[in-house]
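Peer 1: Go ahead and model the full structure; you've got the sequences and the hints to work with.
Taken in order, these protein sequences are the chains called A and B. Each residue of the first sequence is one higher than the one before, counting from 1 in this note's numbering. Each residue of the second sequence is one higher than the one before, counting from 1001 in this note's numbering.
Just to be clear, a hint being listed does not mean it is correct.
[Said to hold, decoys possible] Below 27 Å or equal to it, Euclidean Cα-Cα: the simulated DSSO-like pairs (lysine-lysine) are:
id, chain 1, residue 1, chain 2, residue 2
1, B, K1246, A, K15
2, A, K170, A, K225
3, B, K1223, B, K1351
4, A, K32, B, K1069
5, B, K1069, A, K43
6, B, K1394, A, K15
[What the hints assert, rightly or not] Derived coverage of chain A by chain B (criterion: at least 3 residues anywhere in the stretch with Cβ under 8 Å from a Cβ of chain B; other residues may be distant):
id, region
7, 23-37
8, 85-93
9, 313-324
No lab work stands behind these hints: they were computed from the structure. Virtual Cβ for every residue (Gly too), placed ideally from N, Cα, C.
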Amino acid sequence: MVEVDESLVGKEFLKLAFEHCIKCGTCKMGYKSFKPSCPSGEKFLFESYWASGRIRTAIGILLEELQWSEELKNSIFACTTCGACMDSCQAPHAHYIVDIIESLRELAVQNIGPGPNQENLVERTNNPEMWNPYGVPNSTNAELKEKYNLPDKAEWVYYIGCTSNYRQTKIRDATIRLLKRAGINFTLIDEHCCTSPMLRTGQISSARDFMNYNIEKIKEVGADKLVTSCAGCYRTFIKDFEKHGANFDFEVYHTVELLKDLLDSGKMKIKSKYNKTITYHDPCHLGRHMGIYEIPREIYKQIPGVKLVEMKRNRNFAWCCGAGGGVKIGYPEWALEVSNERLAHAREVGAEVISSVCPFCRTNLSDANENYNGGFEILDLLEILDTLDIEFK
Amino acid sequence: MYPYSYDATEAKAHMPDFIVIPQERAQLIDLVKFCNQYIIPIVPYISGNNIGGLCIPERGGIIVDFGKKMNKILHVNEETMYAVLEPGVTFGQLKQYLDENYPNLRYSYPFAPPSAGVVGNVLLSGMNSMSAKIGSMADSINGLEVITADGEIVRIGSCFYGDGESDLDSWYCRYPMPDLMGLFVNWQGMTGLVTKCAVQLWQNLPYQKHSAALVFGMREVAKVLREIGKSEVVDDATMFCIESIKMMFEDYKTKKFPGEPDFAVLMPISAKTEKMLEAKEEILENTLKKLNEEGIKVIGIDLGEFSQLFSLRTRCAIDLPSVVLPIYVSSGLTWFGSYAPAHKLEELIEKTDEIYHKHNFSPMIYGKTMKSGHYAVFRLMANYNKYEEQEEVKELMNEIAEVCIDAGCIPYKTPIWLTEKLRRKINPGWLNLFEKVKKMMDPNNIFNPGRWNFNY
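Peer 2: Here it is, written out as structure tokens:
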């Protein structure tokens, strides 16, 4: 058996690359839908840009049949890690394909450096003035706590996430207002990046420190539950912290899970109407990565007046928004192209509003909407709810 | 380029020098002329999962990847039931297109992933899910358009009239001219570059059912398969040994336990009316009853119900095109696939089963009755760890090949190690003619050189 550097976090996944893939190509099209599944393969076409090609690249490197070179960078990093290949593949390693790709990235970063521009994500995040990938001064969230009169100790922490805190602040504010109105006993912490941008781009050297820091901050406020409005943070806390040995004992929820509980228990009732045709875009990190498809839909359906229409590609077959896996910063034009395809899907079904529950999807869909004059309203579910009359008991 | 250098089999990897992704025929004409002038190898590629090392560029050169852009379904003639395809069209793509646009028509699918190429399959005499009726997929080709070594375009079949573009409604049959199709079918891309292919479609009959027969006895399954073929009521009949069926649910190192059936025979049946379906089922039941009366223990089951009751994973063999799970569990997959004398299956099954056990591989014995029982397909497959069991699997396949060829089996999609063996067994007249044709068609040996051990 080939030797894999035991110090690599992804060593077990790299070993798995040798176990099952025969390059059958099933990853290339949606299982039984027979529609293209992979934004990267469809764009760049060569075999090395599909999941099986990336697995083979990992094998080639470890067998030393392939030498590290800058030329490998695009095939390794031009992938949104959307996981559509995992959904399509039927082989025993299917569930771990993105892990294999991320492990290959971990190895690549050590040998040829990160993908294009992706070093900026980590340089900014590691900067003690920032602690976030957007390169803006860190917000301790003290002002927000004061503004919303949030306690120092609480049962819940609302983990805002960098995109909502520094870019899509309407999602942050709408979430805080809703949690307040719902009477949830929550607070904010001086949060640092959840590490998703580091992990997705293979730049993991400081990830564990960030994880431990955030766990410690959550413990400090005495919370035993965390809620986040970001699909990426949600996936990272639940799936990646453990992988990196950062264990915690609080529960993690996405906002939609909490909202669903409130609606089902009768503690929340939406009174006013939202008379628009909405289509829901499944974020990859919430859908394919975490298996949450129906909960958001059930919430939209409880909004009076909403006509919820499904794009042809929905749930596990959903087309990626194009932003993830470091693609937004590494390949910005292609990221918009991918998103533009999603706009076309929404147009097909006559949607006025494209709504999602991930601030990063919202960002990229909005950018594409603006860039290509899409003519849609792009809104997070929380932004929509924020405009409505809601009764809480 | 590295992912183009290998496939699932034990064939030695070899890097191409370039990958070309063509969009249209005119580009390929220029490419062929250029390569013929400078003697640069051209290797056709669709998805590369032929399990024969057929797309590995033995002598480097250019891989022409048809799968990415030359993958259009150019035409479907509903009346005479055929489709004209570019080489890169996949089974999944064709299935989806027919379901959406021509739900009254169907194609016939092999146990191959949906990403596999339709044209590659027919040109290499692949299998399908109607083999008991129609035989080899090569028989279902209506016409071809090919670029020959000098860059000339040749159209073969009923589309052969005229000097311009063909009328897409003219690709309705293959005969009765001298069958020049034989210059390209089964040649593994060694005589020209196919740019269009018309394949027959069939009526998508409204009543469809999947039955299975569980057979007790290694030798006995041979007769069961033959009799089912001759009953002429099933679309297809495929036998799988029990160890290979278990690979749907377990690792690829499976075992047979005492009391278990030795084989299962899968049989899709289709009909125009309910009565027709009932009549076919009755004939099939009577066939199995007669076999039981002759002392062969065989139990018929409804595979659709079985899958619902026990495991939906078995549906991979029903809902085609689909990945057939037993052959996608390890990092390596290889086979000896052959057209076989159906009357020698007893001997073949027994001997090859012994060889699997001798080499400590779980048997993957698979066979089909072809065209109402005129002949059989006999395939011996092996899942293996590509990075640890390469030598062991080579020995296994070598011994299997010896036994099968001695019994008269004719391998298809032949890898190079096997064509070398075949050359020692085929009559010299055939080989001489074969070599003359190859040299006439490809004087500079640019088309997939190295295949069939041509050295000139």
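Peer 1: Next, verify each hint and record whether it holds.
Peer 2: Hints versus structure:
1. B/K1246 with A/K15: holds (25 Å)
2. A/K170 with A/K225: Status holds; Cα separation ~23 Å.
3. B/K1223 with B/K1351: The hint holds at about 16 Å.
4. A/K32 with B/K1069: Given pair A/K32, B/K1069 holds - Cα atoms ~22 Å apart, limit 27 Å.
5. B/K1069 with A/K43: holds (11 Å)
6. B/K1394 with A/K15: With a Cα-Cα distance of about 24 Å, the restraint between B/K1394 and A/K15 holds, given a limit of 27 Å.
7. 23-37: holds (count 10)
8. 85-93: holds (count 3)
9. 313-324: violated (count 0)
When each numbered hint is compared with the structure, a violation occurs for hint 9 only.
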